[in-house]
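So the protein lines, in turn, are chains A and B. So the first sequence is numbered by this note's numbering: it starts at 1 and just counts up by one. So the second sequence is numbered by this note's numbering: it starts at 1001 and just counts up by one.
Quick caveat, the hints were computed from the structure, so don't treat them as lab data. Think of the CB as a built atom: it goes at the ideal place given N, C-alpha and C, for glycine as much as any other residue. One thing to keep in mind: the hints can contain errors.
For the chain A half of the interface with chain B, some residues (derived, Cβ under 10 Å), not all of them [what the hints assert, rightly or not]:
(1) Val111
(2) Pro112
(3) Leu117
(4) Ile118
(5) Ala122
(6) Met133
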Amino acid sequence: MNGTITLPFFKADHREIMDIRDIISGIVCLFISVFVFTTSLRLGVGALHDPGPGFILFWASILLAICTGILFGISLLKKTEPVLRSNAWNGADRRNAIIVMAALIVYWLVVPKFGYLISTFALMLVLFGLGRMKPWMMILGSLIIVLLSYYLFDHLLQTPLPRGVLRF
Amino acid sequence: MDALSGLLYGLSVAVRPENLFFVFVGCFLGTLIGVLPGIGPVGAISILLPMTFQLAPSGAIIMLAGIYYGVMYGGSTTSILVNVPGETASVVTCLDGYQMARQGRAGPALGIAAFGSFFAGTIGLVGLQIMANPLSRIALKFGPPEYFALITLGFSLITYLSYGSKLKACVMALLGLILSGVGLDPITSQERMTFGILNLFEGIGVAPLAMGLFGVAEVFNNLEALSSGNIVKVRITKLFPSKLDWMQAKWAMVRGTAIGSLLGILPGGGPVLATFVAYGVEKRVAKNPERFGKGAIEGVASPESANNAAASTSFIPFLTLGIPPNVVLAVLLGAFMVHGIVPGPLLIKDHPDLFWGLVGSMYIGNVVLVILNLPLIPLWVQVLRIPGKILYPLVLLFCLVGAFSINNNVFDILVMIIFGMVGYLCRQNGYEGAPLILSFVLGPMFEVNFRRSLLMSQGSFSIFFTRPIALGAMIFSLGLAMFPIYKLLGKRSKGL
């Protein structure tokens, strides 16, 4: 578990396992290289004396596939530098990062509709909430930061921040 | 305009009240962010870039340069007092700086770091001032093959000098090159990988990409551990090093300056590499190398001098050739473009006020930083105590507003969030963001010059090997590419 798989060729008593992260990143890069390769063909690779819009992309995708293939191979066959179970995923708490990522995506979706003040106030509440602040401090802190940043950017630096349907 | 009259003109531009103000604000904000662990110069420039949008180009560039060398100065404070480097170029300073602080010698450590940085930064600037004009004149004779070969050399050095896996650095550089292809083709104006999205027709913006990859990703990483390091609880007195300290540190400062000045110019080099090399050299030439790592003042003086010298000289290829030698200047190139300025051989001729004003402001900035660094150390220590739960939401908010204010478009916010996630995942998996951003910035130049060279030679690669500068750069690049393979084969044959 914990995002790792156990391979039979590592000695069980050392709890040595392969790091699955290189395999996953390898698959993602291979997928990208295939996409870019087909796109470059569609755009037109051209010839050496007259390179087309897909020329650089074509060669970049091939080199990416080669690099990823080597990386993939090393990850699968790596016996000399196995990753210990404790190091494989660090046991780090990713909950906060995932919540913030989700909050940012929601923010991006709602900010044109609800405007800067309301959306940013809500986002700040979520962010301060992760720091386990007292509710009144969260609300007061969010309010002060939103109003100050609005004044700084919208009024002083003349950046027209999104107004939303409520026009503020 | 020769170097001396250029400098005098530059100083006259830099001492204008508004420019003095921007130097001061840039240095202050740079030092402030440099003090905070985790946010390096790239993050600092990315986050603070939107503040310069409303300024005149010369003021904006002076302020951004101030932020850059301010971060380089500020990073040493956390290394010495907390054993947490404010930015990567201060990692080496931790080794002896923190030990000095633990022995009650935080003052001399901070003092020698500041004086060494001032000395090296000034010498680096003299180099920039002297070399800029002749190099610009030579660069005017460069054609597409020379530019292509130099950028290829940059790519090779970036990959070769990366800190983790070379293969992963290669993957990131190629991804950067592919991402730089998004938008309209620079020669035929054909749509490439835009998915019909109008906002992608002009390509992905450098600023939201950099903000995401370095600023937002940094916040995601730090959210996992919202704790701060242990600040050494000592009274910081006697910031001025003793006579013995000076005797021990003087040649270390000179050597660090020489190494930093040289490595700063190299593509892919820059302050980080310079500090490691300078520390290594210092340890090798020391009579008692066992003192290193236990609080040797040379171990602070040398890397701190090296990183500031490199920060100054890295402006030489950037301003004269338009080629950013490291990731910080790649982001700064994006900032130049936002302000409609294109660095390169014509910069001195077309914008002498900006070029010489920048050089002049950097001299003044060096003085401002010494004045700021030493008396304000107690303030910087207090800054270190700001809890992450307050600091990181503020950084995120700045990034969000910053991304939006580039084009007043929420699409840039999405780009920044996506690259924040990408940067976070990359870091978790051992992929560095630096090769990606550097090849992303250099990608369009690389493509255009490569295609133009092939058009010129009617498809013959000999064009890269028949012109002396291009040939030299290509041989160097090929050598760098072959060296790891040669080393691997050497290891194998020994193993057999």
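Margin query: Checking hints one by one. Is leucine 117(A) an interface residue toward chain B, by the C-beta closer than 10 Å rule?
Written below: violated, 12 Å
Margin query: Let's test the interface hint: is any C-beta of chain B closer than 10 Å to that of proline 112(A)?
Written below: holds, 6 Å
Margin query: Interface hint check: valine 111(A), Cβ to nearest Cβ on chain B, cutoff 10 Å. Holds or violated?
Written below: holds, 6 Å
Checklist line | Given hint methionine 133(A) near chain B, where the shortest CB pair must fall under 10 Å | finding: Constraint on methionine 133(A) satisfied, holds at 7 Å.
Notebook entry, point to check: Does alanine 122(A) pass the interface hint, meaning its C-beta sits closer than 10 Å to a C-beta of chain B?
Noted result: violated, 12 Å
Item checked: Evaluation of the interface hint that places isoleucine 118(A) against chain B, nearest CB under 10 Å -> violated, 14 Å
Consistency with the previously given hints fails for numbers 3, 4, 5, ordered from lowest to highest.
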